[in-house]
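There are 2 protein chains.
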Amino acid sequence: MRVIIDAMGGDNAPREIVAGAIDAAKELGVEITLVGKGDEILSAMKEKGIDTLPEGVEICHADDVVSMEDDPTSIVKTRRNSSMVLGLKILADGQGDAFISAGSTGALLSAATLLVKRIKGIRRAAFSPILPNNGKSCVLIDAGANNECTPEFLMQFAFMGSYYAKKALKLESPRVGILNNGTEETKGLQLQKDTYALLKAASDEGKINFVGNIEARGVPLGDADVIVCDGFTGNILLKTFEGTALLMSDQIKKIFLKNLFTKIGALFCKGGINKMKAKFDYRETGGTVLMGITKPVIKAHGSSDARGIRGAIKQAKECVELDFCGDIAANISQMVLPRDE
Amino acid sequence: MRVIIDAMGGDNAPREIVAGAIDAAKELGVEITLVGKGDEILSAMKEKGIDTLPEGVEICHADDVVSMEDDPTSIVKTRRNSSMVLGLKILADGQGDAFISAGSTGALLSAATLLVKRIKGIRRAAFSPILPNNGKSCVLIDAGANNECTPEFLMQFAFMGSYYAKKALKLESPRVGILNNGTEETKGLQLQKDTYALLKAASDEGKINFVGNIEARGVPLGDADVIVCDGFTGNILLKTFEGTALLMSDQIKKIFLKNLFTKIGALFCKGGINKMKAKFDYRETGGTVLMGITKPVIKAHGSSDARGIRGAIKQAKECVELDFCGDIAANISQMVLPRDE
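In order, the protein sequences belong to chains A and B. Here the first sequence stands for residues 1 to 341, where the numbers follow the working numbering. Here the second sequence stands for residues 1 to 341, where the numbers follow the working numbering.
Read the hints as simulated data drawn from the structure, not as lab findings. Each hint should be verified, as a subset may be incorrect.
Heads up, the list lumps identical chains together, so a pair's fine if it works in one copy or across two of them.
The calculated lysine-lysine pairs, modelled on DSS-like cross-linking and capped at a C-alpha distance of 30 Å, are [claimed, not checked]:
(1) Lys26 to Lys279
(2) Lys314 to Lys166
(3) Lys275 to Lys263
(4) Lys117 to Lys170
(5) Lys279 to Lys253
(6) Lys258 to Lys279
(7) Lys258 to Lys136
(8) Lys170 to Lys258
(9) Lys77 to Lys187
(10) Lys254 to Lys170
(11) Lys254 to Lys167
(12) Lys253 to Lys170
(13) Lys314 to Lys167
(14) Lys277 to Lys263
(15) Lys136 to Lys277
(16) Lys89 to Lys187
(17) Lys77 to Lys193
The structure presented is a predicted model; accordingly, all values stated were derived computationally and were not measured.
Please construct the entire structure, taking both the sequences and the accompanying hints into account.
Here is the structure:
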């Protein structure tokens, strides 16, 4: 298995990307292609004390880099020699099994859709991060790829999220819920109401396990395993979750550091606190899968360090092994609405 | 000052509502009118060991109660003798200065709009809770009154939230931000883009202090003092915040209760932990003001206990004293777009 990595994307590129990739190659037994400026990648390796490319690690030189200021929809043309575009091209060509980038989210979405293509029948690809909750975690889909959605998009997200949760979270029958402003069937905007009808019908036919509308409060509290929403709403949920977790972690830290007694208290609880930290740490959970594309494409956090990249590579390996893309393609007839044209 | 209270609204009515109201009457020196079934209110008082009405506390008998199943938009007709409708009527008639209910949110919004009316020029009333953050707290407006909004609604929310934050949070120049999926001016749906232009113009004229788009992550982290959004998005943010805070509190509790050592650790940190709990406890912060109505109308949390009701009464008193409604009415010309008709 070969994982292609955009060595130039993200706040800490290429140093941390290269470091994480080399660690993962050894630990996880995957082959790696680092795409980016050859000289910069080599000096990042030297910084890590490595003079020759480890076995299974290759460099694919790319002159250019996608910047956060680029118009995401046109980078395939304007940045044709960038590490992101080139990396996606060699994925599409079959020179690797998965692609990871910590660069521009919008550019990755657009370029992956154009170059690696959506699975036939899938209307839109969606970001589907795994969020910690009070149980076995849950899948949020879409977390930001599509601001505006139709009920059919959301129905497809529900199916894709369900296949993903089955394998990635090891759930026999993942509970699928629509994110809404109340649990009653009549709640929400027209989008949520129409999606409700589609998912109810799919559930009645035994295709998915639809549990109805869920409130945002119920997401961290484990009310559903797959949370279906448009990308704008999903972004608000994801970022509120992150911000609140950060605020509370910060408050707890301040409590522990207040005086000698609280510092002693903190020592007693260290094991549990570290476990909790890990649960809420994106570096442990890896990146976010772009669901609906023909091959695994993963967005790593923009501020990923070596550990974050290693996490994303672990996730890419899982995606290839568990073959979510294959599940979606095999079941596409279940999740396409008849079209007039 | 007289605060009118729906004694029959919420999960713990009338017992906890009556208990909280009587405590507050004494402690805060406000007069109270309890609206609801007279016999039930009297037995709730007896349970508390009170046989005669305390000075300044009155009962206004109402035969009927609004239920959570009622269609919110028609309760003014279908539940004309309910505690909520009667309470709002006597507020509109001038027999009190503010109204509080822990009953149905939708019914309160609809009945307050019909009976107490919006301030002339205000297009929509909005729920505006105060959220804890890493600083002096912030105002979220709208948190759920209006699923669908126009840019003008959001502009008005920005002004109303700004006046509210000035006095309630004691901020000279509250930083107003649009809740969005990114900070760049071009982010979001058409609603956010058009609102951006309106708020930028208002800010350039010195009417408000607009700081641009903010991400949901920045809300708990204190990026703005007034968070402007449509009610659907506001509901998602508010409930995600609540759920995440609950999840983390629960995790911390489990860590502390794990064994003897962690319990000792918890003892050392008790003071700080209790302070943090209070910060995230809705019972301390009171209820949510329905901004844009001619007189203060406050939604108390559905599960309010006596302490929650006391908090809401404290907030009602503040609303009357600081006269937010007057600020809005006095400045209405600043926040109305010219109309074609």
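inquiry  = One pair to classify: Lys258 and Lys279, alpha carbons no more than 30 Å apart. Within, between, both, or neither?
reply    = Both: 25 Å inside a copy, 17 Å across copies.
key: Same-copy or cross-copy closeness of Lys117 to Lys170 [CA-CA at most 30 Å]   = within (27 Å within a copy, 53 Å between copies)
query = How do Lys277 and Lys263 come out at 30 Å by Cα distance, when the copy is not named: within, between, both, or neither?
reply = Classified as both: same-chain Cα gap 17 Å, cross-chain 19 Å, threshold 30 Å.
query = At most 30 Å between C-alpha atoms: does Lys254 with Lys167 qualify within a copy, between copies, both, or neither?
reply = between (39 Å within a copy, 29 Å between copies)
Up to 30 Å CA-CA - Lys263 versus Lys275, copy category = both (18 Å within a copy, 17 Å between copies)
task = Can you give me the call for Lys89 and Lys187, within, between, both or neither, at a CA distance of at most 30 Å?
result = between (43 Å within a copy, 28 Å between copies)
query = For the identical chains here, do Lys77 and Lys187 meet the 30 Å Cα criterion within one copy, between copies, both, or neither?
reply = Only across copies: Lys77 and Lys187 sit 22 Å apart there, 43 Å inside one copy, limit 30 Å.
Status of Lys279 relative to Lys26 across identical chains (alpha carbons, at most 30 Å) = Within. Shortest intra-copy distance 25 Å satisfies the 30 Å Cα cut-off; inter-copy 47 Å does not.
task = First find the shortest C-alpha distance between Lys77 and Lys193 inside one copy, then the shortest across copies, and answer within, between, both or neither for a cut-off of 30 Å.
result = between (39 Å within a copy, 27 Å between copies)
ask   = At most 30 Å between C-alpha atoms: does Lys136 with Lys277 qualify within a copy, between copies, both, or neither?
value = Answer is both: 16 Å inside a copy and 26 Å across each meet the 30 Å cutoff.
message = One pair to classify: Lys279 and Lys253, alpha carbons no more than 30 Å apart. Within, between, both, or neither?
response = Classified as both; 16 Å inside a copy, 15 Å across copies.
message = At most 30 Å between CA atoms: does that hold for Lys253 and Lys170 within a copy, between copies, both, or neither?
response = between (34 Å within a copy, 27 Å between copies)
Violated hints for the displayed structure: none, as all numbered hints are satisfied.
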